[in-house]
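Protein sequence lines, in the order shown, are assigned to chains B and L. If you count the first sequence from 1, position 171 lands on 171 in my numbering, and the numbers rise without skipping. If you count the second sequence from 1, position 139 lands on 139 in my numbering, and the numbers rise without skipping.
Because the hints were derived from the structure by calculation, they are not lab data. Please note that a few of the clues may not be correct.
Claimed, not checked - Once the Cα atoms are required to be at most 35 Å apart in a straight line, the calculated DSBU-like pairs of lysine-lysine come out as:
{"id": "1", "chain 1": "B", "residue 1": "Lys50", "chain 2": "L", "residue 2": "Lys16"}
{"id": "2", "chain 1": "B", "residue 1": "Lys375", "chain 2": "L", "residue 2": "Lys167"}
{"id": "3", "chain 1": "L", "residue 1": "Lys147", "chain 2": "B", "residue 2": "Lys367"}
{"id": "4", "chain 1": "L", "residue 1": "Lys167", "chain 2": "B", "residue 2": "Lys362"}
Stated by the list, open to error - Footprint (simulated), chain L over chain B, 3 or more residues, beta carbon under 8 Å:
{"id": "5", "segment": "190-197"}
{"id": "6", "segment": "327-339"}
{"id": "7", "segment": "343-354"}
Beta carbons are placed, not taken as given, at the ideal position from N, Cα and C, and that holds for glycine.
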Amino acid sequence: MDENYALEMSGITKIFPGVKALDNVSFKVKPGSVHALMGENGAGKSTLMKCLFGIYKADSGVVRLHGKECHFVGTKDALEAGVSMIQQELSIVPERTVSQNLWLGREPLNKYHLIDHARMIQDTKDALHKVEFDFNPNIRMSSLSISQQQGCEIARAVSYNATIVVMDEPTSSLTENEVEHLFKIIRMLKSQNVAIVYISHKLEEIFDIADTVSVMRDGQMIGTYDVKAITNDQLISLMVGRETTQRFPPVENNPGDVCLEVKGLTSPNPRSFKNVDFSLHKGEILGVGGLVGAQRTELMEAVFGVRKFCSGTVAINGKEYHSLTPEQAISAGVGMITEDRRGSGIIPLMSVTDNTTIASLKHYENKIRLLEHAKLEKVAKKYNNELNTRTPSMRTALMNLSGGNQQKVIVSRWLMTLPDILIMDEPTRGIDVGAKYEIYTIMARLVKQGKAIIMVSSEMPELIGMCKRVMVMCAGRHTGTLEGTEVTQENIMRLATKFSE
Amino acid sequence: MDRKINAKGVKNVASKYTTWITFILMFFVLSVLTKGAILRWDSIRNLMIAESVRSFAALGVGMIIITWGIDLSIGYVVCLTASVAASFAQDPSYASAIYAGHSFPLVVPILTAIAVGGLFGLFNGLLVAYGNIHPFIATLGSMSIAKGLQLIYTKAAVVGSLNQSFKNISQGSVGPIPNLIIYVAIAAFFVWVVLAHTRLGSNFYAIGGNKQAALVSGINVKRDLISVYTFAGLLYGCGGTLLASRLGLANSLTANGMELDAIAAVTVGGVSQTGGVGKVSGMILGVFTIGLINYGMSFLGIDSYYQQLVKGFIIIIAVYFDMRKYAKRN
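Whenever a hint applies, use it, and build me the whole structure from the sequences.
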């Protein structure tokens with residue numbers, strides 16, 4: 001009702017099966033201001049924005065633009081009403097030109113209903129000029145830098161006469177100078193009375209650019225504050241201030257000798273991990289914390305040989321490697337449960353047995369190199385029984401099992417290779433609470449047997465509940481390791497948002 | 001409730017044994033239409049002989065499709081290998097023989113043809129594994145190369161007048177069973193051992209089922225892809241040799257379009273275009289199902305132009321059901 005707000009979302013609730021993703025969230029943005037939206041991974045920021053754009057349909061609640069109620073059914077609809085979004089992953093067509101991208105789907109037509117190229121190019125120049133970019137509209141998008149591509153997206157937003165621009169982690173792949181330019185554009189938009197919703201994890205930026213900040217946690221809006229009236233530490237504690245209600249089995253972390261030593265590991269991709277050192281001891285679970293984009297998965301994939309590294313070394317049980325393949329890592333005693341279970345874990349149409357045995361077949365060949373099927377099935381069954389995998393039979397295709405049971409099959413796959421070191425990347429993502437507890441129990445049992453585990457997790461309670469030692473990463477760098485009583489949500493968050501040295 | 005479970009059970013069985021059901025149904029229909037003529041041993045024997053070379057092609061491409069690949073070079077690679085084999089088996093007294101005046105021991109045509117097939121497979125495998133070229137395009141290219149080489153090698157002439165011992169490879173029989181059938185059985189057995197009982201075979205299924213997962217599981221995906229294409233190439237080489245031996249000649253039209261027949265056959269035989277699924281029994285059964293349709297239509301005096309039409313529809317229907325069955329997994 002209040003026309004003083006450019007955007008007013010009130011009482012937004014969104015329920016996914018089993019989860020209340022948004023719980024009666026209200027969010028108001030004034031025109032001509034930069035409003036930061038903060039929160040941990042999974043706090044509900046993206047879901048809230050998806051409800052705004054109509055990508056998700058909210059179960060209840062109202063969205064008002066300049067006091068008028070509206071319901072968008074997708075980004076195009078929202079764009080036409082002057083609400084646009086600059087995604088973290090830019091949505092461009094790389095092999096088309098700047099002007100083709102800018103006017104995609106709404107190309108100016110001449111009287112024969114053919115594309116009016118001359119006008120399109122002039123309009124592109126004007127649009128780019130407004131955001132103080134100056135480059136050839138005929139250049140292909142793929143030949144621009146990320147920052148320039150982002151500029152094009154902002155130009156596109158402006159060309160729709162946007163009054164509200166949502167930016168999701170806009171600086172995640174920009175250099176410092178490019179960030180400066182972006183901030184200049186943001187200030188300019190602000191002066192033109194545009195409302196900007198700025199989603200970011202980077203605290204310094206919030207204090208630099210934002211006027212107001214709203215904090216979300218576990219699907220709820222915790223509060224909205226004037227940036228001038230709040231401190232760094234206050235923001236951190238607002239973001240993490242949740243009580244741990246999850247249950248964890250007792251874990252005996254008894255660190256022994258070092259079994260994995262990573263030194264100066266650097267990715268050939270300049271935006272990925274840089275100069276990372278860490279070590280892992282037998283009989284411990286080392287937690288790896290950080291926010292989305294901290295490059296934890298990339299680092300672990302490099303340690304396992306799936307991804308290349310350009311300098312640094314990985315020493316497994318004392319043997320040093322300057323480059324690695326998964327084959328070498330596996331024979332050196334490393335196993336890896338990947339983050340993307342569907343993409344790089346399960347083989348959907350293969351049976352439970354075949355999925356379990358696929359990484360250890362070479363140990364089950366007879367003298368004439370034929371596979372010992374009976375033995376394989378027996379061993380696969382043994383591991384899955386130990387982990388309590390629930391499946392109709394060992395011959396069932398893995399796609400027919402629940403997420404939690406699929407995960408147990410993948411864990412069985414790696415236990416069967418008899419690893420000394422198990423890297424578990426988000427091992428409990430997307431599985432139900434009961435199965436989570438079972439996975440924790442398996443982990444506790446493995447470290448008791450003297451195996452070493454690296455657990456990458458975005459869920460802080462999980463890191464605190466399972467690990468005595470947590471290394472935290474931010475933007476590809478290892479920003480610190482917490483031990484014992486230092487392992488708290490506040491400390492993890494502090495290191496996870498430590499963007500500069 | 002019970003009925004519901006039964007209906008589901010029937011559906012499961014039907015989906016599991018689609019290939020067998022199609023084959024038996026086809027057999028039954030054609031038996032009725034031909035008033036039992038197709039059930040005679042002669043007919044069955046002819047059918048098996050006619051489909052033998054296609055079986056080799058189907059076994060090769062079947063394995064490739066399991067790894068989520070495809071091979072379009074089959075027809076011309078078989079044509080080239082048949083021509084190579086034939087060129088080393090020509091009567092030395094035949095004036096227009098490629099190596100007129102020379103006579104070679106029987107192993108020469110066999111081994112050179114198989115080697116040429118293997119080299120082509122290796123080439124395809126390298127393009128796919130290291131060149132990262134989509135197999136469709138890679139094998140489209142090698143198809144044209146094989147065709148070009150065949151024309152250059154034979155100067156576009158018929159390679160005929162083959163010696164009797166070479167022709168005997170395929171034309172003899174052991175008791176009532178033609179040699180060709182025995183070769184197919186041996187090849188099928190060999191492929192079955194590889195697919196069902198070796199690490200390499202398991203890797204093929206894993207690569208086709210989820211390449212990334214295969215990589216993470218320590219499988220050397222590039223090496224295994226090269227193996228599968230090479231292995232298929234060797235099978236095409238065997239097929240080419242047998243074809244030349246059976247026909248008693250080779251020319252630039254030999255085995256034309258065999259890639260489509262073979263791909264159609266394995267698809268009907270339940271080798272999924274989405275990769276990671278397929279059995280030897282299905283591949284062979286698929287070949288005979290398509291063969292039966294061709295044979296049956298010829299038997300009934302239906303114009304061969306219509307056969308082409310029917311074959312096209314069969315491929316489309318088979319892929320449609322295959323997609324319905326498996327595509328949802330992603």
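Hints, verified against the model:
Between Lys50 of chain B and Lys16 of chain L the alpha-carbon distance is near 42 Å, which puts this suggested pair outside the 35 Å criterion. Our distance criterion of 35 Å between C-alpha atoms is broken by Lys375 of chain B and Lys167 of chain L, whose separation comes to about 46 Å. A hinted pair counts as satisfied when its Cα atoms are at most 35 Å apart, and Lys147 of chain L with Lys367 of chain B does not qualify at roughly 42 Å. At most 35 Å may separate the alpha-carbon atoms for a hinted pair to count; Lys167 of chain L and Lys362 of chain B exceed this at roughly 43 Å.
Only residues whose C-beta sits within less than 8 Å of a C-beta in chain L count toward coverage, and the segment 190-197 of chain B has 0 of them, not enough to reach three; the restraint is violated. Beta-carbon proximity to chain L at under 8 Å applies to 6 residues in the segment 327-339 of chain B; the threshold of 3 is reached and the given coverage holds. Counting residues of the segment 343-354 of chain B whose C-beta lies closer than 8 Å to any C-beta of chain L gives 9; at least three are required, and the coverage claim holds.
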